[in-house]
Amino acid sequence: MKEIYLDLKGSFINDADMKDIAPEIMKAQELLLDKNGISSDMTGWLDYAKNMDVKEFDEIKKTAKYINGCNAFILLGIGGSYLGARAAIEAIRGDFHNELKSPQVYYAGQNLSGSYLRNLVEAIKNKDICLIVISKSGTTLETAVSFRILRDLMEEKYGREASERIFVITDRSKGALKSMSGLKDYKTFVIPDNIGGRYSVITPVGLLPMAAAGLNIDEFISGLRSAEDEYHTRNFNDNICCQYAAARNILNRKGKEVEVLVNYEPSHASVSEWWKQLFGESEGKEGKGIFPASLNFTTDLHSMGQFVQDGRKIIFETTLMVNNSKYDMTVPYEENDFDKLNYISGMKLSAINRSAFEGTFMAHSEGSVPGIIVGVPELNEFCMGKLFYFFMMACAISGYTNKIDPFTQPGVENYKKNMFRLLGKR
0 MKEIYLDLKG SFINDADMKD IAPEIMKAQE LLLDKNGISS DMTGWLDYAK
50 NMDVKEFDEI KKTAKYINGC NAFILLGIGG SYLGARAAIE AIRGDFHNEL
100 KSPQVYYAGQ NLSGSYLRNL VEAIKNKDIC LIVISKSGTT LETAVSFRIL
150 RDLMEEKYGR EASERIFVIT DRSKGALKSM SGLKDYKTFV IPDNIGGRYS
200 VITPVGLLPM AAAGLNIDEF ISGLRSAEDE YHTRNFNDNI CCQYAAARNI
250 LNRKGKEVEV LVNYEPSHAS VSEWWKQLFG ESEGKEGKGI FPASLNFTTD
300 LHSMGQFVQD GRKIIFETTL MVNNSKYDMT VPYEENDFDK LNYISGMKLS
350 AINRSAFEGT FMAHSEGSVP GIIVGVPELN EFCMGKLFYF FMMACAISGY
400 TNKIDPFTQP GVENYKKNMF RLLGKR
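Terminal number for the sequence shown in numbering that gives the first Met the number 0: 425, no gaps in between.
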């Protein structure tokens, strides 16, 4: 089974609620698919997988094979330029993947911390390194500063060979990074003009680093194509993507202002980070939007679980439930039973984790916290592609339902203006 499923039984949403909102949701989907909505010129992701450039895709795989031959690579980018790739790499390669697999994957350009970058430089100084730099303009401060520093180190270490180890994903024809790539002879790939950053994981932005890390991007694209077929269905009752968008909006109109994406695997934490950026930047404008947050259970049950259970009733939970674990462990039997755990001896940790989920879901329901389940058979490349598309489609539909533009982020510019003024930029 490769299908994502949606379970709304714990959501406190009834059939009448869904029937009432369905026309709004389907109108929003129609605007999206027919490209008649606001910023429709930024919806190239809708059919990217079916219309993709096969020659470019082959070149991505060829380049990734070269990078994969190094000890490690650094992915430079911020926001949508790196979050999707990181989510897929960590979810599929698993916990401690840098200690267990090659190449090792490091990240830079997502903050302005001197300590972080200094420690990264120390960590990679004796490694055989490549860089993947992702920026549409090439002037995003966090990424540009990190790239300047790491580029100097690469040129000092490798000399002329450095240009063969730096790979750029940027605008097709303009921007500082595009110009520099021409001067330095860097291998480049294109960020499509009609796809914004937080929807770009399905393009070279996500495909090159995923493939370089050893992921099967042919399967990833197959998942995307499956999602295109399934979630373009214009029948509300047959489209779980539309139903998820509907459920979110129903709960928001009932006073639930915060959606918490819950996962039960540490390696899935970056999926939540990608999801938060997708919904936060897409919906949070014009005084509207559901605040996207995330919790990693069972860890956060010992910190934030109290608030979810007994705090202000402004939250609903969406649990990302992955049904099959790649690896597992069994609780051993001990004759003396000092820790009183023999009642679960012989059980798999995955089964115990599942019981923790079921018990938590019931407890939060009893505490009047609505719960949605987005179920995935396993987080392999196929399912990852389908899951990304599921959330992107639902997000865009939600935006149109609320009559906002889900493809812009004007508020992000405010902090930049103040920061540049303080730094003396002219």
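Note that these hints are calculated values from the structure, not bench results. This structure is a prediction, so every number in the text was calculated from the model and none was measured. All C-beta atoms in this analysis are idealised placements derived from N, C-alpha and C, irrespective of residue type, glycine included. A few of these clues could be false.
[Stated by the list, open to error] Cross-link-like lysine-lysine pairs, in silico, DSS-like; alpha carbons within 25 Å at most:
{"id": "1", "residue 1": "K173", "residue 2": "K156"}
{"id": "2", "residue 1": "K8", "residue 2": "K18"}
{"id": "3", "residue 1": "K126", "residue 2": "K156"}
{"id": "4", "residue 1": "K156", "residue 2": "K284"}
{"id": "5", "residue 1": "K49", "residue 2": "K60"}
{"id": "6", "residue 1": "K8", "residue 2": "K173"}
{"id": "7", "residue 1": "K284", "residue 2": "K173"}
{"id": "8", "residue 1": "K54", "residue 2": "K64"}
{"id": "9", "residue 1": "K177", "residue 2": "K8"}
[As the list claims (entries may be wrong)] Here are the computed distance ranges between Cβ atoms for each label pair:
{"id": "10", "residue 1": "D404", "residue 2": "R311", "range": "25 to 33 Å"}
{"id": "11", "residue 1": "K347", "residue 2": "Q305", "range": "26 to 34 Å"}
{"id": "12", "residue 1": "F337", "residue 2": "V411", "range": "53 to 61 Å"}
Right, here's what the structure says about each hint:
no.	hint	in the structure
1	K173 with K156	violated, 29 Å
2	K8 with K18	holds, 16 Å
3	K126 with K156	holds, 11 Å
4	K156 with K284	violated, 45 Å
5	K49 with K60	holds, 18 Å
6	K8 with K173	violated, 50 Å
7	K284 with K173	violated, 29 Å
8	K54 with K64	holds, 16 Å
9	K177 with K8	violated, 50 Å
10	D404 with R311: 25 to 33 Å	holds, 30 Å
11	K347 with Q305: 26 to 34 Å	holds, 28 Å
12	F337 with V411: 53 to 61 Å	holds, 54 Å
Of the numbered hints stated above, those contradicted by the structure are hints 1, 4, 6, 7, 9, listed in ascending order.
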